[in-house]
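Asks: Taken in sequence, the protein lines are chains A and B. Following our numbering from start to finish, the first sequence increments by one per residue and tops out at 373. Following our numbering from start to finish, the second sequence increments by one per residue and tops out at 373.
Don't read these hints as lab results, they were simulated from the structure. Errors might be hidden in some of the hints.
It does not matter which identical chain is meant; a pair holds if it fits inside one copy or across any two.
[As the list claims (entries may be wrong)] Subject to a maximum C-alpha distance of 25 Å in a straight line, what follows is the list of computed SDA-like cross-link-like pairs (lysine to any residue):
no.	residue 1	residue 2
1	116	1
2	224	332
3	292	352
4	228	206
5	132	118
6	76	290
7	84	263
8	259	87
9	230	6
10	230	356
11	328	43
12	335	38
13	64	171
14	101	215
15	132	317
Number of protein chains: 2
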Amino acid sequence: MKFTINRDLLLLNLMNVSRALSTKAPMPILTGIKIEARDNSLFLTASNNEISIQSLIQDRRLLKIEEEGVIVVPGKYFIEIVRKTESKDIDFAVFEENIVKILADRSNFSLNALEKDNFPIISFNDSETVIKMDVGNLRQIIRKTTFATSLSESRVILTGVSFSVDGRKLEVVATDSFRLAKKFMFLENEFFVSVVIPSKSLDDLNRIVDEVDNMVEMHFSPTKALFKYKNLLFQTRLIDGTFPNTSNLIPTDFLTSVKFNKNELISSIERASLFTNYDVANIIKLTIHNDKTVEIASTNNEIGAVKEEINLLECSKALDFQIAFSSKYFLDALKSFDSTEVTVHFTGEIKPFIITGEYDVNLTQLILPVRVS
Amino acid sequence: MKFTINRDLLLLNLMNVSRALSTKAPMPILTGIKIEARDNSLFLTASNNEISIQSLIQDRRLLKIEEEGVIVVPGKYFIEIVRKTESKDIDFAVFEENIVKILADRSNFSLNALEKDNFPIISFNDSETVIKMDVGNLRQIIRKTTFATSLSESRVILTGVSFSVDGRKLEVVATDSFRLAKKFMFLENEFFVSVVIPSKSLDDLNRIVDEVDNMVEMHFSPTKALFKYKNLLFQTRLIDGTFPNTSNLIPTDFLTSVKFNKNELISSIERASLFTNYDVANIIKLTIHNDKTVEIASTNNEIGAVKEEINLLECSKALDFQIAFSSKYFLDALKSFDSTEVTVHFTGEIKPFIITGEYDVNLTQLILPVRVS
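Construct all of the structure, not just a fragment, from the sequences and the given hints.
Replies: See the structure below:
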């Protein structure tokens with residue numbers, strides 16, 4: 001194998017593929033990047049047990065293949081070499097089956113390759129179900145839901161995000177059973193899909209798909225989802241099992257709905273959370289008074305107490321009402337809105353409440369309150 | 001105690017004082033900031049076992065004291081409160097001896113104070129020996145020497161930086177016994193001082209003295225050094241003991257002196273270090289050939305090998321010469337120079353070599369090579 005490639009182009013593609021590099025020792029081969037030179041193209045592939053990424057480089061002005069071949073290089077070191085190199089082009093050649101020579105200006109690297117036969121065989125297969133979506137929409141969906149998934153492995157299904165399409169409606173739901181994030185949108189064609197995608201895979205995908213003007217093609221098969229974006233293939237395993245039915249959880253009758261300026265509310269909650277302990281329960285109390293004043297308070301016996309007053313913009317019904325909840329969950333939810341104003345809809349002092357935003361019409365955030373004395 | 005103060009002014013001074021806050025549990029009182037309101041001034045003091053910092057605020061337009069007093073507040077929480085507050089001014093009052101009320105706009109904090117009688121009594125006393133120095137010079141001295149101190153506590157004296165003044169010459173030396181950094185400068189008056197200052201204290205000081213236009217006053221007494229800078233007092237303990245005499249260590253006769261472009265040399269060394277292991281010895285080999293070419297190489301049996309060729313700018317004597325040394329030590333030393341060109345002066349394959357720079361006339365970096373087969 002022998003080729004010459006533009007340094008910046010190679011680095012960019014290596015960075016994308018590197019998201020799938022394994023950092024764990026159990027399978028050393030998964031710390032490698034597979035490089036295939038064939039058909040005037042270069043394929044870079046990395047895979048861990050969760051995701052696989054393949055990048056295809058074909059630009060004939062920036063890539064010149066002299067001899068085809070396959071090799072697996074140690075990912076971390078190969079990327080560092082390319083990153084530290086300042087030359088315009090890099091020459092790449094394989095000697096003695098398993099030594100890679102990398103020449104860049106007056107630098108000369110010999111890198112021991114990994115055993116290529118150990119690299120997993122990965123098929124990036126298209127499915128019959130192909131959903132096309134604007135990258136901007138996909139990023140929104142990911143950013144506004146994944147934070148609400150569970151970190152605990154005790155109910156594995158809740159560590160994923162449910163994507164279900166019934167006809168033209170795509171509904172995306174994440175929940176850790178104490179809070180829930182739900183976003184929906186309408187697609188151009190009809191589909192029937194119901195899958196649960198690992199939250200971490202979606203966050204990895206979100207870091208790679210950066211150019212909002214592009215489209216993403218999503219392929220769903222029974223055990224995996226494939227995302228096609230520009231010259232990249234991003235594949236993730238799916239989580240097996242049935243996602244809980246959450247359609248009846250979201251209340252529709254409210255005691256009162258209170259509209260706030262989002263940023264003022266976030267600042268107040270952040271100050272009220274200063275003495276809460278992130279390790280344990282970070283509970284704050286919100287009190288609405290009959291005269292339409294709102295008070296946010298929290299107490300920590302060791303450190304002290306905070307009391308915040310905040311202006312509400314509108315209130316559908318004046319009443320005396322107190323509720324307690326996790327300030328972290330509330331902040332996570334508030335920060336998922338793009339709207340300047342958000343409305344918190346309360347159903348009772350120990351019943352779940354929801355948050356909506358005027359410019360986030362298809363987004364609902366739900367939080368379970370806690371009972372405090 | 002009762003006062004009102006400008007929020008930005010308070011935060012700035014708290015940030016400076018916070019460098020001396022202890023983060024360790026053994027003495028909880030040292031996690032506190034002492035606040036004294038008297039004589040129309042506010043004194044903020046923090047201290048750990050190494051350094052003590054006091055900040056004096058006197059601006060009558062920005063500080064209004066209604067009632068004098070003393071209290072010790074939990075440093076971390078107090079700073080977070082002030083940081084998260086958006087109001088122009090903050091009201092501060094003490095209730096029931098040990099509860100601090102902090103009012104800012106519509107936020108109301110109650111903070112439990114620490115037991116003020118436990119706070120150490122710190123005297124920031126002037127000494128007879130007062131050296132005045134431009135902040136820029138002090139920062140240069142710190143930046144170019146502290147990195148060469150020892151991290152090991154086995155010879156405590158080497159964890160400090162030696163400041164000695166004999167007449168008008170100030171000589172600053174740091175060494176971990178494998179490398180040495182030495183900088184000198186001439187003072188306006190004559191002094192006789194010989195102290196060893198903890199390296200970490202100097203790094204802390206460097207982070208606080210930021211405005212190059214100002215002067216620093218240095219006071220040396222037998223057990224501590226006091227730095228006066230703007231409205232700040234920064235005091236550090238000294239390290240007890242005798243610093244090794246290093247005056248004979250620096251060679252003056254050289255086999256050959258080789259001049260390099262500093263940034264090219266740094267890039268080459270960084271690439272040659274890619275396969276070295278930061279945990280173990282990161283040894284690279286430098287070879288000068290009779291034809292005035294220079295080669296830098298390193299090998300790691302597991303990963304591979306690197307060979308770099310680099311242009312030398314000048315060479316006092318052409319010869320065949322090979323030397324091996326720690327790439328980390330060499331990079332640390334090179335980066336301490338402001339010059340575009342640096343000269344490496346070799347005395348022998350297993351003898352210490354030194355580095356100088358054309359615009360760093362008073363700076364010498366010395367490195368001990370290692371013996372390799």
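Asks: Against this structure, judge whether each hint is valid.
Replies: Evaluated hints:
1. Proximity of residue 116 to residue 1 under the C-alpha cut-off of 25 Å is restricted to the intra-copy arrangement: shortest distance 13 Å within a copy versus 73 Å between copies.
2. In this assembly of identical chains, the alpha carbons of residue 224 and residue 332 never lie at most 25 Å apart, being 29 Å within a copy and 48 Å across copies at closest.
3. Taking CA atoms no more than 25 Å apart as the test, residue 292 paired with residue 352 passes inside one copy only; the shortest distance there is 21 Å, against 78 Å between copies.
4. Taking the shortest Cα distances, residue 228 and residue 206 sit within 25 Å of each other inside one copy (13 Å), while across copies they are farther apart (50 Å).
5. Proximity of residue 132 to residue 118 under the C-alpha cut-off of 25 Å is found in neither arrangement, the shortest distances being 34 Å within a copy and 67 Å between copies.
6. For the identical chains of this complex, residue 76 and residue 290 are neighbours neither inside a copy (61 Å) nor across copies (37 Å), given an alpha-carbon limit of 25 Å.
7. Within a single copy, residue 84 and residue 263 get their C-alpha atoms only as close as 42 Å, which misses the 25 Å cut-off; across copies the closest is 13 Å, which meets it.
8. For the homomeric pair residue 259 and residue 87, the shortest alpha-carbon distance between copies (23 Å) is at most 25 Å, but the shortest distance inside one copy (57 Å) is not.
9. For a Cα distance limit of 25 Å, the shortest separation of residue 230 from residue 6 inside one copy, 19 Å, qualifies, whereas the shortest one across copies, 53 Å, does not.
10. Proximity of residue 230 to residue 356 under the C-alpha cut-off of 25 Å is found in neither arrangement, the shortest distances being 34 Å within a copy and 51 Å between copies.
11. When the C-alpha separation of residue 328 and residue 43 is checked against a cutoff of 25 Å, the pair qualifies neither within a copy, at 43 Å, nor between copies, at 36 Å.
12. Taking the closest pair of Cα atoms, residue 335 and residue 38 never come within 25 Å of each other, the shortest separation being 46 Å inside a single copy and 44 Å across copies.
13. In the homo-oligomer, the alpha carbons of residue 64 and residue 171 never lie at most 25 Å apart, since the shortest distance is 45 Å inside one protomer and 58 Å across protomers.
14. In this assembly of identical chains, the alpha carbons of residue 101 and residue 215 never lie at most 25 Å apart, being 37 Å within a copy and 55 Å across copies at closest.
15. Proximity of residue 132 to residue 317 under the C-alpha cut-off of 25 Å is found in neither arrangement, the shortest distances being 43 Å within a copy and 69 Å between copies.
The structure is inconsistent with the numbered hints 2, 5, 6, 10, 11, 12, 13, 14 and 15, although it conforms to all the rest.
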